[in-house]
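There are 2 protein chains.
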Amino acid sequence: MLWATSPACTELETLVLDWLVQALALPEKFLSTSTGGGVIQDTASSATLCAMLAARERATNLEVNRTGVTAKLCAYASTQAHSATEKAIRIAGIGHENLRRIPTDAHFAMDTDALSRAMRQDRDAGLLPFFVCATVGTTSSNAVDPLTEIGPLCREFGAWLHVDAAMSGTAAVCPEFRYIHDGIEHADSYCFNPHKWMFTNFDCDCFYIADREALIRTLTILPEFLRNKATESGAVIDYRDWQIPLGRRFRALKLWFVLRHYGIEGLRFHIREHVRLAQQFASWVHEDDRFELAALVPLNLVCFRLKSGDDENQQLLDALNGSGKLYLTHTRLSDRFTLRFCVGQTNTVERHVSEAWSRIQDEAARIARQ
Amino acid sequence: MLWATSPACTELETLVLDWLVQALALPEKFLSTSTGGGVIQDTASSATLCAMLAARERATNLEVNRTGVTAKLCAYASTQAHSATEKAIRIAGIGHENLRRIPTDAHFAMDTDALSRAMRQDRDAGLLPFFVCATVGTTSSNAVDPLTEIGPLCREFGAWLHVDAAMSGTAAVCPEFRYIHDGIEHADSYCFNPHKWMFTNFDCDCFYIADREALIRTLTILPEFLRNKATESGAVIDYRDWQIPLGRRFRALKLWFVLRHYGIEGLRFHIREHVRLAQQFASWVHEDDRFELAALVPLNLVCFRLKSGDDENQQLLDALNGSGKLYLTHTRLSDRFTLRFCVGQTNTVERHVSEAWSRIQDEAARIARQ
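Protein chains in written order, with the numbering used here: chain A, 110 to 479; chain B, 110 to 479.
Please keep in mind that the hints were generated in silico from the structure rather than gathered at the bench.
Be careful, since some hints might not be right.
As the list claims (entries may be wrong) - Derived DMTMM-like pairs: lysine to aspartate or glutamate, alpha-carbon spacing no greater than 25 Å straight-line:
{"#": "1", "chain 1": "A", "residue 1": "K181", "chain 2": "A", "residue 2": "D233"}
{"#": "2", "chain 1": "B", "residue 1": "K434", "chain 2": "B", "residue 2": "E421"}
{"#": "3", "chain 1": "A", "residue 1": "K434", "chain 2": "A", "residue 2": "E421"}
{"#": "4", "chain 1": "A", "residue 1": "K181", "chain 2": "B", "residue 2": "E206"}
{"#": "5", "chain 1": "A", "residue 1": "K416", "chain 2": "A", "residue 2": "E472"}
{"#": "6", "chain 1": "B", "residue 1": "K338", "chain 2": "A", "residue 2": "E195"}
{"#": "7", "chain 1": "A", "residue 1": "K338", "chain 2": "B", "residue 2": "D444"}
{"#": "8", "chain 1": "A", "residue 1": "K181", "chain 2": "B", "residue 2": "E195"}
{"#": "9", "chain 1": "A", "residue 1": "K338", "chain 2": "B", "residue 2": "D419"}
{"#": "10", "chain 1": "A", "residue 1": "K338", "chain 2": "B", "residue 2": "D420"}
{"#": "11", "chain 1": "B", "residue 1": "K363", "chain 2": "B", "residue 2": "E374"}
{"#": "12", "chain 1": "B", "residue 1": "K338", "chain 2": "A", "residue 2": "D444"}
{"#": "13", "chain 1": "B", "residue 1": "K338", "chain 2": "A", "residue 2": "E472"}
{"#": "14", "chain 1": "B", "residue 1": "K338", "chain 2": "A", "residue 2": "E172"}
{"#": "15", "chain 1": "A", "residue 1": "K338", "chain 2": "B", "residue 2": "D471"}
{"#": "16", "chain 1": "B", "residue 1": "K181", "chain 2": "A", "residue 2": "E206"}
{"#": "17", "chain 1": "B", "residue 1": "K181", "chain 2": "A", "residue 2": "E172"}
{"#": "18", "chain 1": "A", "residue 1": "K363", "chain 2": "A", "residue 2": "E120"}
{"#": "19", "chain 1": "A", "residue 1": "K181", "chain 2": "A", "residue 2": "E120"}
Stated by the list, open to error - Which stretches of chain A does chain B cover? Using the computed rule of at least three CB atoms under 8 Å from a CB of chain B, they are:
{"#": "20", "segment": "202 to 214"}
{"#": "21", "segment": "260 to 270"}
{"#": "22", "segment": "363 to 372"}
Because the structure is a prediction, the values reported are computed rather than measured.
The beta carbon of each residue, even a glycine, is placed where N, CA and C say it ideally should be.
Based on the provided sequences and hints, a complete structural model is requested.
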């Protein structure tokens, strides 16, 4: 898939991704008019892999691309980071033993002292700290890693900073939630998923990079049957060289429709409403003595549980999901079984949230009677 | 994306991919009821990467996944194989210097004597030949690598055989074209793209593997928030572990519609018609003294050129593509600029092909007059 295959596909993608830099108030270095740019990936796991590959090649001056992994590379992510990082480090030929899982603080955000110690220890041992994946809104609990502290550490050790804001990034369309991105100016790459919380059909991950040449150098190949004047002029973008597969779809179109349909003000309205509903749900949990909140609720994800124990919470989850009326997933926080309630879909309104809470209360009562 | 996320999505995919094993008369080891199975990938480049990763881990007993690339692995593909192999070997951390490009015979098919020599030489030098990508219908010229000879070599050297039949595989729905797959019983993995020549919207690559455990072991990860009874029972398929990204779309549905709409007889009718039209076009080229065929025409791709020279052929391509009436791509065969004419789209009928030939003749006349 070249620019020449469908110029509109590429041009609209560039346009829409530049719009989103402005909408989320991301650093200007992610604009296509700067040294960087954005590209639509299928999912955040692919974005993480692309970031790691570009980091791998930056750290080794393209040596891995040429001769394979020989240097002793180390990557870092918190114990709460998405498993995509582990999948990526295997695919990249670096091996999961070289992924350090950094402990978190009481609120499940990365402990930067521990990160600093780990990077120093690796460097002292002759290893090369090359990549840190920080999370803005972890999958388990929506914890936000402190980019303002992680960024300077990455610079000190020469490591690439990738920021994964898969669900939560969308919140930054609202100025009052932009604090989640504090320190984002340190990031070498960043992604968020409009298919998670921006009313866009799966799949649609927006991946931004500060130095697009680092990515393109890593992934470009140009056999004869792909040579063409537009590409060779250097005046156009071949997004094929910004991603794992060589082919690609016209994903920008659905995103363009979303942005034109809602507008920034429309998006803000819905995001604020989702956060309000989640906070309301959290307050109900807090007021019910049988339940407790298992984590802070910065945005639209509520982690909660019955105080009684893991068995009861597993029973509660099974009963709710078995009802066919609502669907929750679970996680473990502080080694305790925890339910996750997330408000983020296009048609979710107050009624759905209050009905869900009623059902949860009813099931909790039934379990207590057993 | 787990089985539990959408059981229908997974179950229909398994069903449809099993149907296609029968439709193309592929080996039974690719059936889900056997030791293998199929999965829909976005593109053949991702299928090649997945095959290479599974091969890498089989060759090193999962050591690369654990500790990174250390063994000296070598992969093989012909000089005519798709550039996806080169992209994959870089991503996999093995390095493109460890991809041997094997020369081809007079008809652009892999020279198996050269393959044998290369593998022996590498093994004697202490390297580990782990992966061969054979092509059934190369992109440039539709050449078919001799699987019956390549297969035994792979077995001798313990290398994984991946067969890339991205466009041409579809031809095997017609019994008279199944010879293209002679030797496919040696393959560890195989892919073809219904989005190329089976009337299915992009993206849709069908990737088959003989030993699904080899693939799953390579790509699986299971954090707490993805744990669920269905997955842990082992009774269901989590296709997330059969591909690079963790999320996935319901691609099987469009493929199901295509198969139900056309039926096998309908597909055969159109495939035969496309081959007939391409052969007719080839005969017109052959009969026109100004032109020559640049390669054999086994199926629906015609490689041809003006006898006069590269400049004239480049002019011809530019004039045709600039007209907005038809679009050809080019390649280089025997180091000469060559035009590619392919019949394979849903609505292409005889009129389009004859009109295209008229335009090509007219432009050739205009160029000769200059």
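Here is what the structure says about each hint:
1. Between A/K181 and A/D233 the CA atoms are separated by roughly 12 Å; this keeps the pair inside 25 Å, and the hint holds.
2. Restraint check: the Cα-Cα separation between B/K434 and B/E421 comes to about 20 Å, which is no more than 25 Å; the hinted pair holds.
3. For the hint linking A/K434 to A/E421, the alpha-carbon distance of about 19 Å falls within 25 Å, and the restraint holds.
4. About 19 Å separates the Cα atoms of A/K181 and B/E206, which keeps this hinted pair within 25 Å; it holds.
5. The suggested pairing of A/K416 with A/E472 holds, with an alpha-carbon distance near 14 Å, which does not exceed 25 Å.
6. Proximity of B/K338 to A/E195 is assessed by CA-CA distance (about 23 Å); at most 25 Å being required, the pair is judged to hold.
7. Proximity of A/K338 to B/D444 is assessed by CA-CA distance (about 19 Å); at most 25 Å being required, the pair is judged to hold.
8. With a CA separation close to 23 Å, the supplied pair A/K181 and B/E195 stays within the 25 Å bound.
9. Our distance criterion of 25 Å between C-alpha atoms is met by A/K338 and B/D419, whose separation comes to about 16 Å.
10. Our distance criterion of 25 Å between C-alpha atoms is met by A/K338 and B/D420, whose separation comes to about 15 Å.
11. With a C-alpha separation of about 18 Å, the suggested pair B/K363 and B/E374 falls inside the 25 Å cut-off, and the hint holds.
12. Restraint check for B/K338 and A/D444: the C-alpha separation of about 19 Å stays at or below 25 Å, so the hint holds.
13. Proposed proximity of B/K338 and A/E472 is supported: the alpha carbons are some 20 Å apart, at most 25 Å.
14. Taken as a hint, the B/K338 and A/E172 pair is broken in the structure, with Cα atoms around 44 Å apart against an allowance of 25 Å.
15. Between A/K338 and B/D471 the alpha-carbon distance is near 24 Å, which keeps this suggested pair within the 25 Å criterion.
16. Restraint check for B/K181 and A/E206: satisfied, since their Cα atoms lie roughly 19 Å apart, inside the 25 Å limit.
17. About 15 Å separates the Cα atoms of B/K181 and A/E172, which keeps this hinted pair within 25 Å; it holds.
18. The suggested pairing of A/K363 with A/E120 holds, with an alpha-carbon distance near 14 Å, which does not exceed 25 Å.
19. For the proposed pair A/K181 and A/E120, the alpha carbon gap of about 39 Å is over 25 Å, so the pair is violated.
20. Residues of the segment 202 to 214 of chain A lying with their CB closer than 8 Å to a CB of chain B number 6, which satisfies the three-residue condition for coverage.
21. Beta-carbon proximity to chain B at under 8 Å applies to 0 residues in the segment 260 to 270 of chain A; the threshold of 3 is not reached and the given coverage is violated.
22. For a cut-off of 8 Å, the count of residues in the segment 363 to 372 of chain A with a CB near a CB of chain B stands at 0, and the three-residue condition is violated.
Violated hints, listed in ascending order, are 14, 19, 21 and 22; each of the other numbered hints is respected by the structure.
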